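Since the structure of chain A is already known, use the hints to place chain B on it.
Note that the protein sequences, when read in sequence, are chains A and B. For what it's worth, numbering that gives the first Met the number 0 labels the leading residue of the first sequence as 0, then goes sequentially. For what it's worth, numbering that gives the first Met the number 0 labels the leading residue of the second sequence as 0, then goes sequentially.
Please keep in mind that the hints were generated in silico from the structure rather than gathered at the bench. Since this is a predicted model, take the numbers as computed values, not measurements. Hints are supplied without guarantee of correctness; some may be wrong.
Stated by the list, open to error - Some chain B residues judged to face chain A by a derived CB distance under 7 Å, without partners named:
| # | residue |
| --- | --- |
| 1 | S35 |
| 2 | F37 |
| 3 | R41 |
| 4 | E43 |
| 5 | D45 |
| 6 | G110 |
| 7 | W114 |
| 8 | R115 |
| 9 | C148 |
| 10 | E160 |
| 11 | L164 |
| 12 | A217 |
| 13 | L225 |
| 14 | P228 |
| 15 | H231 |
Idealized CB from N, CA, C, for every residue including glycine.
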Amino acid sequence: MIDQRIFENLQTKIDEETTVRDELHEIVQTLARRGRSTQAILSRAHSTPADQLKPVLDDVTKEILAQKQEVARLKAVADQHPFYKYNGLWTRELQNLVASIELCAWLGGLQEHKGPSSTSFMTIEDVGKFLDIPVNLKEQDAFHLTIEEYLLALIAMVEELARLAVNSVTLGDYTRPMQIGNFVKEVFAGFQLLNLKNDILRKRSDGIKYSVKKVEDVVYDLSLRNLVPKGGSSA
Amino acid sequence: MGTKRDWEGQPLELNPQDTIMAEAETETQPAPSILSIFENFRDELDEHHDRRERIIKKSRDITALSKKIIFALQRVRATNQPLPPKIAQENQTRFDQIHALFEAVVPEQLGINGWRYQRQISGGIQEFIEAVSFDHYLRTQTLITHAECSARVPSGILVSEEDYLMGLYDLTGEMMRFAVLSLSSGNATATKVIENTASEGEKSTVASQGGIVVDLRAMRAGFEALSLPKRHYMFRDMEKKMDVMQNSVEKVERAAYGIVVRGSERPSGWTPDLSSAVEVPSY
Chain A
0 MIDQRIFENL QTKIDEETTV RDELHEIVQT LARRGRSTQA ILSRAHSTPA
50 DQLKPVLDDV TKEILAQKQE VARLKAVADQ HPFYKYNGLW TRELQNLVAS
100 IELCAWLGGL QEHKGPSSTS FMTIEDVGKF LDIPVNLKEQ DAFHLTIEEY
150 LLALIAMVEE LARLAVNSVT LGDYTRPMQI GNFVKEVFAG FQLLNLKNDI
200 LRKRSDGIKY SVKKVEDVVY DLSLRNLVPK GGSSA
Chain B
0 MGTKRDWEGQ PLELNPQDTI MAEAETETQP APSILSIFEN FRDELDEHHD
50 RRERIIKKSR DITALSKKII FALQRVRATN QPLPPKIAQE NQTRFDQIHA
100 LFEAVVPEQL GINGWRYQRQ ISGGIQEFIE AVSFDHYLRT QTLITHAECS
150 ARVPSGILVS EEDYLMGLYD LTGEMMRFAV LSLSSGNATA TKVIENTASE
200 GEKSTVASQG GIVVDLRAMR AGFEALSLPK RHYMFRDMEK KMDVMQNSVE
250 KVERAAYGIV VRGSERPSGW TPDLSSAVEV PSY
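So that you can see chain A by itself, here it is in the shape it has in the complex (with noise of 0.2 Å):
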């Protein structure tokens, strides 16, 4: 005989869990449409002299730190719970917010959270200090930042830098495309040191050599017609 209690039981446990993902839910949400507003002051950057980009910037800045204490909302729930159970809820989001960072900061944004060595870009453990998260958490079971996150936060902001390079040199700007060049192929670079398995991160970085491409054919077409500015390095 079939003891209808089980099917009692599980539908319990049904209704626990989605409470939990509707509160989580209701927060990405917020995170989500915080974040689209992020990304349009962000896209005013393609058409912004760099000397005019202050500004957007500040205004980006607002609404990264708007996105912030939506973390920090997230985070207070879901360290509530097992971290990767729920993880897939809001990872989108969060790459989102990290590649926003990061263009921010590479614009010249953020300096003060700039980790002191850094180079052009902020490292993970920037990003986690910034978010006040903690960052690839390996033992504790806790809300955090995970490298795949940052790396393919890392990989958008290639992408938006390529776009950039073109747009740069319709506003007359022939410096930075040879600035984004460099900063592109380096992180290409890195990224050919990693053993990537059959999963997001492979097919996402297998697109960054288009974006390399995209930049170095703007470089070329700057340095065939003698348009590079001297100073700046050449590609």
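For chain B alone, coordinates are given in the frame of chain A:
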């Protein structure tokens, strides 16, 4: 899939100092170069992939052993009594092997890693639950509970409700096969048993395929009563399993019907009419 990337041929002459931004920064600090940062990432990711693959292998082994247990159990002809000693003994060896495999997975899934690699071990666990629940059903003609399933694996192994439920879905397929095989093996009392158990409720005493029909119906009702919110993509494979389960129940119902209607005319060696091919899903 090119998992081994030879980076030594790559032009690595780039130094972190090459970037304009780095020049703008204070140059006195030794910047952690992108390459050294990525080397660190590589080690971390390698460790992750290796562990992931070790767990997948164990999971496959557990699946294979569980399938063998199920095959052996399909040779049993009676429910609600001890298994034939030979089959019981064979399966005990396999259960012990599975236990050892689970033990080996425990250190891989400590703490935060329990849920991280849950999907890798989940296939093995579901198949194991199918085997354990089938074994349990044949012995006692009751459903094993989630707690009882958890007790059958080492404490470090996580048996999620989802795995448990999916295992039960698969169990209906095995019960269907068992019921059809029993009916076709020519159990003369099958008809009576069906009538008895169907009308008098749960008085099943002997090998009762009729009891199985009742139980399958009860399980189907239980499954169908579960309500899952669509928006969260919980229990991804459930719709497919629901279809297969409903099919299984109907097959057994049709077989029981065949026995009742044509039982008296049944020549020896007759098998129940299953108008559609008996497909036994294996997950």
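Practice task
Hints the structure violates: just list their numbers, smallest first.
Solution key: 1, 9
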